[in-house]
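K.L.:
Spelled out from the first residue to the last, the chains are:
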Amino acid sequence: MMEYIIQTLMGAIGSVGFAVLFNVRGKRLVLFFLGGALDWAVYLLCYHNGCTGFVSMFFATMTAALTSEVLARIIHTPVLLLLVPMLVPLIPGGDLYRSMDALIRSEKEYFLAYGSSAITAAGAICLGIICITALTHIIFSIGDHFRKANH
Amino acid sequence: MSATQIVRESPDALLTCILDMGEMLLSSGAEIVRVEDTIARLCTAYGFCHINVFSITSSIVLTVQCPDERIITQTRRVPGRNTNMEKIAQVNALSREICRAPMVLDDFRDRIAAIQKTRTYSIWVQCLCYALISAAFSVFFGGTAWDGFAAALSGILVFGIQHFTQNLRMNGILQSLLVSAFTALVVVMLVRVGIGNAPEKITIGNIMLLIPGVAFTTSLRDIINGDTIAGLVGLSEAVLKAIAIAIGFAVVLVGIGGIL
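Protein sequence lines correspond, in order, to chains A and B. Just add 17 to the spot in the first sequence (first one is 1) and you have the numbering used here. Just add 661 to the spot in the second sequence (first one is 1) and you have the numbering used here.
Derived from the structure by calculation, the hints contain no laboratory data. Do not take every clue at face value.
For the chain A half of the interface with chain B, some residues (derived, Cβ under 10 Å), not all of them [what the hints assert, rightly or not]:
id: 1; residue: Gly-34
id: 2; residue: Val-41
id: 3; residue: Leu-107
id: 4; residue: Gly-140
id: 5; residue: Ile-142
For each residue, glycine too, the CB sits at the ideal point set by N, CA and C.
Whole structure, please, built from the sequences with the hints as guidance.
P.N.:
Below, the structure is given as structure tokens:
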């Protein structure tokens, strides 16, 4: 349990670090700590309750995307600015490296295993983002529609 | 001055400004959809019709028809990408402002110049961040506190070499290869000296700094959004860079690691 807490904290610090490198400024940096911790915690929670890697990644991304959609409307910033650094702990950099490492050592099984895991993770992240973007778009257009209807 | 008057006076200069906006978005790491959408909105706001904008990772092509039925085309080559969220936010805000009320050309130019001058964090803060990120991901992937410390030290070195090679205007892939080889060398030495125990746990922290993980994910998003060419260009760039990094580390860790 302790190692998961440490892992989550470290993922969150990584999020904040990348947010600084991506030139995000001001008090918003605190949000990346919380957001990064939240999405990795969701990932661990799903993964250790029987979900596959793809599904866990999908739910974790949905959480991050939903958090940034809501926060973006509260503090008036583009969603992308909040979302990209928050997703840093989920981004399959490690797997991408390991698969390429296996490729140049000509260990075919590891290359395929890590490579497919990197693409699966990136795919799950994309799908998660797209689902939430589409969902909020639909919700807001319905909201606009009713507002116009009332006038 | 109304939007149609601005367009009638100097459509070419206006188009250049609009492409500047697109270029800033693209080079700051925005998705293709956002780049094309912003350019199209700006053109519509100024009263151009038949807007055809096509963008890939490294280029933007824009053809529009002026109100007087003249057709103008401009293209822009966009060299490197460097994620800068603050710039994206500012371009976004300016584009919204213009869509509400188109501004005269001189104001538009001034505002673009102001965004281009957006300050970045100082070198020391960035260096500190490299150390912090390396240490965090070294522990994240199962390293001990000592491994984290070693990763922080080699993270500072990664920043130094990257900064140095950037000034040499080196090819991106060669640069990745060189940086990762140097880093691996230092990690092996640090472990020899007794700081940190597991070289692979230390290097993974440094690798997270170098690996184009965000670019990899963004390209996949571009593909799913329907911008297949841009996505494939980005994807192959990311994979090539990852291979270069892997070669850099492997050569040193396997070759010299065995001898020492």
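K.L.:
Now tell me, hint by hint, if it's right for this structure.
P.N.:
For each hint, the structure was consulted:
| no. | hint | in the structure |
| --- | --- | --- |
| 1 | Gly-34 | holds, 4 Å |
| 2 | Val-41 | holds, 5 Å |
| 3 | Leu-107 | holds, 9 Å |
| 4 | Gly-140 | holds, 6 Å |
| 5 | Ile-142 | holds, 6 Å |
Checked against the numbered hints listed earlier, the structure breaks none of them; every hint is satisfied.
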